[in-house]
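Protein chains in written order, with our numbering: chain B, 1281 to 1600; chain U, 30 to 376; chain F, 383 to 587.
None of these hints come from the bench; they were simulated from the model.
Where a beta carbon is used, it is the ideal one built from N, C-alpha and C, also for glycine.
A few of these clues could be false.
Sample of chain B residues facing chain F (criterion: CB under 8 Å; computed from the structure) [said to hold, decoys possible]:
hint, residue
1, GLN1300
2, ILE1391
3, GLY1466
4, PRO1468
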Amino acid sequence: MSGRSTVHVEVTAIEQITPQIKHFTLRAVDRAPLPAFSGGSHVVVVMRAAHRVHRNPYSLLSAPSDRSAYQIAVRRMEESRGGSEFMHTQLQVGSHLEIAHPVNLFPLDKIARKHVLIAGGIGITPFLAQLEDLHDGVIPYELHYAVRAAEHAAFAERLRAREGGRVRFYFDNAAQAIDFDGLLSGQPLGTHVYVCGPAGMIDRVLATARRWGWPDSHVHWEKFSAPPSGRAFEVFLARAQIGVKVLPDQSLLEAIEAAGVEVPYLCRGGVCGFCQTRVLEVDGELLHHDHYLSDADKLRGKSIMPCVSRANCKSLVLDL
Amino acid sequence: MSAVFKPDETFRDDFSFRNSPAAIRRFPLPFPADDYMYSVNLEPHLPGPRGSVTEFALDIDEHYVAECRERAIVLAAEPLRFQALPHMMSAQWDCLELIMESLARDYSQHFSLARDGNRWHWINRPLGIDKAFTFGDASTLPQPPLEFITRQVQGDWVVMDQRDGDLWTEAGMVTTPADWSLDFDIGMTFKEWHGPVPLAHEMNVFDRALKYLLNLRLGAPVRRLNWTMTVNPRLDTAPELYPFWGPDRARVDATNAGDLVHLRVELQGLWRLPRSNGIVFSIRTYFISMRELVTVPKWARRVHRVVKNLHPALVDYKGLSRYRDAVVEWLAPYDDGSPTTPGAAPE
Amino acid sequence: MLVTGIKSKPVYAPLRADPGGRYHLLLGSGPGAAPLLQVLAELRDDAPDSLARSRVLFAPGAGADADGSSAAFAAAGVADVRTLADSGALLGEFESLLAASRMGLRLYVAGPESFIGLAMKIALQFNLNTDEIRAQECGSKARRVRCVHCRETTEEVRTNIVQCIGCRRWLLVRDHYSRRLAAYMGVMVDAEAPGQIPAIEEVFP
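Can you make the complete structure from the sequences, with help from the hints?
In structure tokens:
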């Protein structure tokens, strides 16, 4: 094992596949096989822009068995903090990027008796790789894919061709909406449901599942959201003995990284807990935006997830 | 590694296993200090010093051919020492890839792997195996992928699926266990499988280890050392066969302890698997007899002290009760009380 | 070796209803009626609609007051109560019910540990996770013991040491438990000192 934690890749193709989504193909710079991965994995792409470094996670949508290239799809965000903007405007065929090894925080349950996949918009991406794993297997599955309009349905042709009746499309502009109650009320025992898409859709699926008595262990979700912006604030890193200013549209984690201090991370979305950091002192209020800490821990105020959380404070000292 | 194999060595019957002086010097002593207690002693599995057991991802030593033959003997009598639940097939392929890539990269004098897409060609010179097969198609191999490749590597292998916030033991090749049964334990979660280990649960060792392993990343394996003692260099101390090796424990006395009693060290490696998102746990066993051990004076003093002062619960759990005192008595003359340097390296 | 205090040994708690479930399936054997009635009482208080979507399978056992428990279940307001001749018949019915069940189910099991173990074994096949199953042990603590040497299972073991029905070795009954096998591990007790069998005591009455 090389122990190297990043892979150097080259952009070998860029395609505008819907008005807002660009599809990128990445190959290893040295054309060596890329690490194999499991469907649902993401890679964190390191983007070195003029004045700051962006690190954004993107799901791998390519077939896991294809080690010659990775494929990702990036939606241009209306209020981009710069990451998706960078991907859409600063890259050409031939550009080089660093990516971290794939990490899977949204895997399929291998002993499920059925999989129900629900995708909204760009949320289709992790499912594309998973469908490759499912296609040749024995577990029954179905995909429900909701988008604004037909032209926004990325990969629709590929999906129809390969999955036929196992995929159903829903177009907002044709007033077609997924019937979550219908979908979740009649599934056989042992079904797992997976949802990836806008926060509102995820919330509705979780609420519907709960209403129909689904246990949490059978409900899986992945959210792509940028860390929330907020007021600028200052933080002092006790071990590094440096002060760091966190800008309004920069996450606490990004500010710490920009100052040259590394914090372990996996999802950069407040879900996995890997970046949990000890709070030594705070004069003010911690703003927890994560889904990892318990309510009790958030109140206790001794820990923070710098990838998404912020503070309104006169001072904040972290154990970094 | 000098790679002179001793194919006729035995780990049963006449127990002809012996370590060469080079094998003794590279033995992974698990005691950095004169006492021992459990800890979550995981560290990154990065390349260790040249010639050491951690220089490469997987260690092949002078006992390689003999251990593979021993594995074949165990499996012929008890096929259930290899098991894999049906949903673990992609994990099996992940392990086959990990092992073949490691051996071909680090021991190219013995192993070759040529790949053209999914058409792979594997050559294992010491065992005389030359096999072309299709990666991903189990019908092109004579045994399930995990069995096929683990018959060609030293140490036991346990494969875990990660789901529902836990790790599940669902495939394995276990022919050199230190008294645990794959057939009984298969299907257990991480903490259930470690159920019989005393004290460590109260110390939260397994909660912390589980949390760490759930976040184990591709390309960043970890390792740790574990140890016990065995009478005779018997690799296969499965509970299934306890009626046959158990009586050996009562045969040890202060005169024969030097030759009969072996320190048994497990070098455990843990890797995240790419396609299955599972975790594979390798358990590579090393033996050294007390007589071989005392050729390194620092180790003689260190081990004497560790065994003499070992916590009673550990003495019991590690199966040392009947012969611990005999071992201590045998080692005592080699311990003049002088200090030992920190760390496990021979002085 | 560690015999007791092993963390793989299942730990049971008094049964509580889970009103988050939509359908409730309650299995009881022998003295298991009382905990199930407690669950039904809680459902009536917290989620009365769910009683119409609940079902009880009950095997009272020889000499038990079968009519009394049937009446008690009926009075509890549950839609469907079936009384079975023995736990074997109950488990067969249980398996058929699971095959036709939907997501949203909560399973409650009350009875002797070996009954619970066999019910869990069936539940495992349907991918029921720990957040869908609750179990309370009541009645006999007799164990199913799997001999690690010959792989036979000896039933109804009440003593710390038992003779294996397969290979006739005397086995020490450990707390190491396999959900897959629904049995505890038995290991030869006198391998190191042949013939020396410790005192045999009834410890799982």
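Evaluated hints:
1. GLN1300: violated, 34 Å
2. ILE1391: ILE1391 (chain B) check passes; min Cβ-Cβ to chain F is 6 Å, inside 8 Å.
3. GLY1466: holds, 6 Å
4. PRO1468: Cβ of PRO1468 (chain B) sits 6 Å from chain F, so the hint holds.
When held up to the earlier numbered hints, the structure conflicts with hint 1 and nothing else.
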